[in-house]
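**Student:** Listed below are the residues making up each chain.
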Amino acid sequence: MSHHIIQADNLKYTYPDGRQALNGVTFKILHGESVGIVGANGAGKSTLLMHLVGVLFPDEGEVRIGEVPVIKKTLPVIRQSVGMVFQDPDDQLFMTTVYDDVAFGPRNYKLPEEEVDKRVKSSLETVGILHLMDRPPYKLSGGEKRAAAIATVLAMNPDILVMDEPSSALDPKSRRRLITLLQRFAHTKIIATHDLDMVLELCERTIILKDGKVITDGPTVEILANEELMEKCGLEMPLGLQNCPVCGAKKAT
Amino acid sequence: MSHHIIQADNLKYTYPDGRQALNGVTFKILHGESVGIVGANGAGKSTLLMHLVGVLFPDEGEVRIGEVPVIKKTLPVIRQSVGMVFQDPDDQLFMTTVYDDVAFGPRNYKLPEEEVDKRVKSSLETVGILHLMDRPPYKLSGGEKRAAAIATVLAMNPDILVMDEPSSALDPKSRRRLITLLQRFAHTKIIATHDLDMVLELCERTIILKDGKVITDGPTVEILANEELMEKCGLEMPLGLQNCPVCGAKKAT
Amino acid sequence: MSNMIASLYNIRLLDELAEKTTIIHNLHPLVKVLTTCLYLIITVSFNKYELSGLLPLFFYPVIVMALADIPVVPLLKRMIVVSPFIIGIGLFNPLFDHDPVVILPWMQISGGWISFFSILTKGVLTILAALLLIATTGMTRIAAALGMMRIPKVFILQLILTYRYISVLIEEVGRTVRAYSLRSRGEKGIRFSDWGSLTGQLLIRTLERAQRVYYSMCCRGFTGEYNAGSEKRIRTGDILYFAGWSLYFVVVRYFNIPATIGSLITGVGR
Amino acid sequence: MHMADALISPVVGGAMWAATAGVAAYSAKKVQNDLDEQKIPLMGVMGAFVFAAQMINFTIPGTGSSGHLGGGMLLAILLGPYAGFLVMASILVIQALFFADGGLLALGCNIFNLGFYTCFIAYPLIYKWITRKGYSTGRIFTGAMLSAIIGLQLGAFSVVLETLFSGKSELPFGTFVMLMQPIHLAIGVVEGLVTAAIVGFVWKARPEIIEKAASGKALGRVSIKKVLAGLAVVAVITGGILSWFASAYPDGLEWSMAKTSGKEELEASGGIHQILAAVQEKIAFLPDYSFKVQEQETSAGDAEPEEAWPAVDAGTSVSGLVGGAMTLLLAGIVGFCINRVKKRNKAGAV
Ligand SMILES: Nc1ncnc2c1ncn2[C@@H]1O[C@H](COP(=O)(O)OP(=O)(O)OP(=O)(O)O)[C@@H](O)[C@H]1O
Ligand SMILES: Nc1ncnc2c1ncn2[C@@H]1O[C@H](COP(=O)(O)OP(=O)(O)OP(=O)(O)O)[C@@H](O)[C@H]1O
Ligand SMILES: [Mg+2]
Ligand SMILES: [Mg+2]
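Residue numbers (this note's numbering), protein chains in the order written: chain A, 1 to 253; chain B, 1 to 253; chain C, 1 to 270; chain D, 1 to 350.
No wet-lab data here; the hints were simulated from the structure. One thing to keep in mind: the hints can contain errors.
Unchecked claim - Lysine to aspartate or glutamate pairs mimicking EDC-like chemistry, simulated, CA-CA at most 20 Å apart:
1. A:K173 with B:D197
2. A:K210 with B:E144
3. B:K173 with A:E165
4. C:K232 with B:D117
To be verified - Pairwise CB distance ranges, derived in the manner of DEER restraints:
5. C:V81 with B:E62: 51 to 61 Å
6. D:D36 with B:K110: 19 to 29 Å
7. D:L329 with C:P71: 17 to 27 Å
8. A:D117 with B:R19: 26 to 36 Å
9. C:E231 with D:R344: 33 to 43 Å
10. B:R19 with A:L130: 16 to 26 Å
11. C:T21 with A:G218: 39 to 49 Å
Beta carbons: idealized from backbone N, C-alpha and C, even for Gly.
Let the sequences and hints guide you as you build the complete structure.
**Tutor:** Structure representation (structure tokens):
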């Protein structure tokens, strides 16, 4: 596993209908970092993530994973080292059993079947749903589907995990389980979400997007506690940081 | 407007595939109350709400709105006094413009077109999106869609507002706007959600469901602060109530 | 994948154009539908060897497009996508029809070429007319016009729903195909062995969505009948618009204007 | 295989519109009477699904090309013939409006070609018959396959006939058939495969969906008698309108008559023309109708457009060429001027 650094360099992207979704995004994420990407609806978070996995390509600028630029030709390599978990796990589970779904990626890379089996089982174990192996995905609960979706990505042995709103529609306990799960991974993690409290727990670093631009990029606690900044970006301080009604103390300092 | 009391009496419901989703639910909600319904994924929240508006009918037990039992024959009356906002606004905005969508309900009751127009405009004004009247729903942002969905229900002049996860997929600011909006309504409100912090702000009373049964029913602050109970029901204390890391004080007492 | 996105943008583009408020947009939808129909009938009623007589029909799309502020390029693009079938079939005409036709005293071409160009011209005219109708009217008002034409309401409601959910479902399909392509190795489509389960699961989700839509309709008093709002009145201007074009179309149909002009000119020239 | 406006004559377009409207009105009535209201949103959303699913291409192994769903058969299987036909119709309406696929005049043809044969012939007579003793993967496969192929063959043949009767294309009947049927055999096989794949999957995952759709009371059952009666009605209507139009307005048949009398090179289609010509002689409408004269009318400069129009535009060709160019130029100028005036007005307003 090489030391993957993700670099986005002045990314600009306009949707074919003329909507400019990214307007010069630049950042650099080091190996093993865990970064939260936040911003109001339509800020460009999902668009940005799709550039990292080479689903969309920038009109201007460039994304590099390690030394490899993300372009059409390098996609097979890129997609083995960057795994993306979508917002709606239903979009991601399309085979008839959880096992087949998780095996889908490794099989595409023509791994021998024993290796596939090993990978599938270890990914399912990591997310804690090995027992659901033979179930069809459409019969799982919301939280279970999410875990399965993450397993499908883990089975590709990615070095970087990119997630779009992973905690939406989960009940508080499933959300907690997800957070614990993600905390255990040593992967580089990039998480776009509205769940600022999850960012607070999971990510040491936060990037705020607004209208397709990076507004701030820095330590999570500092950024999320900056009430004025949050307000400006159409956000709100996470509840875990809002003033304590009992002692009145600002929790973040 | 009569004083609507909602009574559920030992509701039991089994889905056609044999899954028992409600297993004896009983409660009584008074006029003007604001009640949060919480519980883990699959606890039966959505199923319960659908019984209140007569989309599903119980196998056993009965729902009464005021003095009227919810049965096939009383549906026209019931649906005029109970309005339901669904989880995914895309399921609720099925016409080609916001105006037509909001007008759909009143037109079904054969109101004269001027009355329809008046109702549509006043509902849109209440939720603050009158200017979006002629837009097709796919052009709205998440928060706007939610507001439009609420307007479709308000146009029916309901006395009771039933909502299924109204805050999901909203960014923090849109969520805040929604909460403010709902706080202004004098309607009886019943809200099923995973967003316990919203329950804490909006509802004085909370009902916890688990496996199709009512586990507790009482004042929100007491229930949501009961860590052991919450844990047992697959939930988690809302962040707004979790211990303050600075003063260590339990916020709720 | 890209054609998916493209078709979605195409729908949205036409939708956006339909939101303008020019004179043409403000006309009564029924009038526009009827004018378009008449135009189409007149256009295709021309004999297959007729070419010059068709040309005055170009005035209709040109004037509507100009008055309604409709950009030409997207419509032309669409035309290029659609025309292969027309060209494909039409090209057989010069192949099979060799009857010589005198164009100029010193020049002859086969009748097949004339009929080919006639088909092509008709193709351009009819495609433009259909696209202009939707671009100046929009689906909602087309549906209202259909209602006035006594089309069954079940059909209209279902048409509206189909139209509405196209965007939702295309986006859903787009996300699924995208997720698929992320874990497969850059093939173009979906492998057939996976196609059934992928599409099947989409179908199941669609059916579930249909159920939720039904529920939310029920909650708003739906009892199987669709009530459209009261329709706009037809005004004098609408009638004049229709009458004016009708008259023009009929004149064009029965008098070959270009030929008349041409003979005048050539006559003068001689 | 969408028919295009440019390739049909008003007679054929009108007749097919009438036939389609008849079937659609009948279906709408059936749907309204027989179905629970729940079916209406289902129909709408299913229409959107087919639209979206048509864009999921799959790779056809070994060929490098790709295929996709058409949807007619799937709709019939899931919704029954009446609702299926209406949904197909609304899909085609949207395609005609937003994508100019086919066009509005040809819409009747297209709905009929793609909806009628699948929903009212292939579905009840083949699919239902094969699955009459219950479902199994094998029966679903055979049923979907055969009915998709046959539905498309009929539809393709219908396209040939419509083109032939419209008389815009010179393609001889035989050649056209030889072109269309094999292509649509391939398309039908693909359609059958994908329909079977989806239905098979749904049947395994949620058998009740498939079984409910099929067992629905008035939903799935189309009696053969009714189908035949319906076909007879359609034939009568079509024939009636066709002959009414033809008598009032001979354009529709003129092509075939011109051929029979004019040249012999298109032997494949000669039979039909002769029959038509014979029929025409019997009915003897427009006895003064004389194609020969018109075909030979070549005296240049002698512009009598009203009389010359059914014939080759040759008599007026020089003037036609000049006048045509003038017309187009004028149209361009008018459009340009309107734009200029509007821009100036806008600028003035600001
Ligand atoms: N397929 C598309 N075509 C055109 N415009 C799009 C498309 N997808 C997104 N956009 C637009 O691009 C902008 C950025 O969208 P994006 O989905 O990246 O936002 P986001 O930050 O992920 O929002 P959310 O929090 O709602 O998920 C928005 O204004 C959106 O309307
Ligand atoms: N249409 C259905 N057919 C069969 N079972 C169903 C159906 N809808 C829900 N169920 C089952 O009924 C139970 C209750 O579901 P319900 O949707 O009411 O839960 P919920 O509390 O709303 O969950 P969530 O928080 O995920 O929305 C679940 O076990 C679910 O799997
Ligand atoms: Mg997003
Ligand atoms: Mg629910």
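**Student:** Taking the hints in turn, state whether each one holds.
**Tutor:** Evaluated hints:
no., hint, result
1, A:K173 with B:D197, "14 Å, holds"
2, A:K210 with B:E144, "18 Å, holds"
3, B:K173 with A:E165, "16 Å, holds"
4, C:K232 with B:D117, "14 Å, holds"
5, C:V81 with B:E62: 51 to 61 Å, "59 Å, holds"
6, D:D36 with B:K110: 19 to 29 Å, "22 Å, holds"
7, D:L329 with C:P71: 17 to 27 Å, "21 Å, holds"
8, A:D117 with B:R19: 26 to 36 Å, "32 Å, holds"
9, C:E231 with D:R344: 33 to 43 Å, "35 Å, holds"
10, B:R19 with A:L130: 16 to 26 Å, "24 Å, holds"
11, C:T21 with A:G218: 39 to 49 Å, "47 Å, holds"
The structure is consistent with each of the numbered hints, conforming to all of them.
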